[in-house]
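Taking the hints into account, I'd like the entire structure generated from these sequences.
One letter stands for each residue in the lines below.
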Amino acid sequence: MVPLETGAIRQALCRITIATRARHVHDVSDEVDRWLAEIGAGEGLLTAFVRHTSCSLTVQENADPSVLADLLDALDRLAPAGAGYRHGSEGPDDMPAHIKTMLTGASIAIPVVGGQMDFGTWQALYLIEHRARGRPRTITLHYLGS
Amino acid sequence: MVPLETGAIRQALCRITIATRARHVHDVSDEVDRWLAEIGAGEGLLTAFVRHTSCSLTVQENADPSVLADLLDALDRLAPAGAGYRHGSEGPDDMPAHIKTMLTGASIAIPVVGGQMDFGTWQALYLIEHRARGRPRTITLHYLGS
Amino acid sequence: MVPLETGAIRQALCRITIATRARHVHDVSDEVDRWLAEIGAGEGLLTAFVRHTSCSLTVQENADPSVLADLLDALDRLAPAGAGYRHGSEGPDDMPAHIKTMLTGASIAIPVVGGQMDFGTWQALYLIEHRARGRPRTITLHYLGS
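Protein chains in written order, with this note's numbering: chain A, 1 to 146; chain B, 147 to 292; chain C, 293 to 438.
Worth flagging that the hints you see were computed from the coordinates, not collected in a lab. From the three backbone atoms N, C-alpha and C, an ideal C-beta is built for every residue, glycine too. Do not rely on the hints blindly, as some may be mistaken.
Partner residues aside, some chain B positions facing chain A, computed with beta carbon under 10 Å [as the list claims (entries may be wrong)]:
#1 T204
#2 N208
#3 L217
#4 H233
#5 G251
#6 A255
#7 I274
#8 L290
Below, the structure written as structure tokens:
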């Protein structure tokens, strides 16, 4: 346990837009790390937040792509289409997408070390598009640190 | 991507209490935005944390109220009452409530822009009461920023 | 609602390692509070992040141990072994572990008051080992505050 203390704390804020594909898991780690490099981040805290309610963020394995396919299938089992939902005006894939977002989360906070998200060897940050059609999705990034 | 940098970072902290209704999804966005206005928040990071283990926080759609009813039903399917739980001393709705809290989360971090949570058009912050009886619920709010 | 404002914001960062047991829920609150005491934390924000994709963090009830056993069973029902996963190279418990991590979360942000996580009476911070064999697990802790 080596505490690290820093004098001057600063912050930065931006929004990035990802053009998603239908029901797809997008690795957005490079985009986030590029922004951290741009602002000259050192040690601190990165928060990512999706400004939508039918896509979400997760930190998951980046080694075997079949993990991502299995995660999508698991979400389909947990929030099946056609389960007698009241809300159907935006299409049969909309209410399952809201449930999947509730289960996985709109926001994630990740410590930053040496200018990069402090991931383990097999981790990446993913945006999951839950809808049956891709679209532009906006993520707000916030950094606090040195 | 327009980074925004600020000189002086300050923080504020408070606890708010919500009188919940049984198995209900409460929009707490106004309460949080009112506090952000009170402390004169600019750009920063808002963290909300429930001090309980049978209610939780989620960011969800604020347009069609039937979405919220469908979310409650989905949680009932994922954590059904009477599923042979060991823990029953606090009533049959207690263990399902703990599971629902684990799946949705006790904490959420949201970037703040222009003194307000940086929500998309259709987003709001909700406190979900999972128990079969309403009660006072305390949320700790923490702000770091300009 | 009593806002608290502080002049100088500082940060601290460390990694702790927990030797987990197979499919077990570990209370890590004391370890985190000890670190907060070490760095002299006052009011602020604690973020904990697991650097793995088959274990996760949750804030849950610390009173009745049977709650924790029921939570593990609930996760087994939501992410059953042998559900026809594509990803199986790391063993039959690996893909369920990834799903459980997605549902519960790799990261949590908790306000700090008086040098301690601002828990309610019955809350504790838990690391859940989802794999069928224990191993060393690293958590990054980040603190911003007074």
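Check: Which earlier hints turn out false for this structure, listed by number in ascending order?
Finding: Structure breaks hint 4 only.
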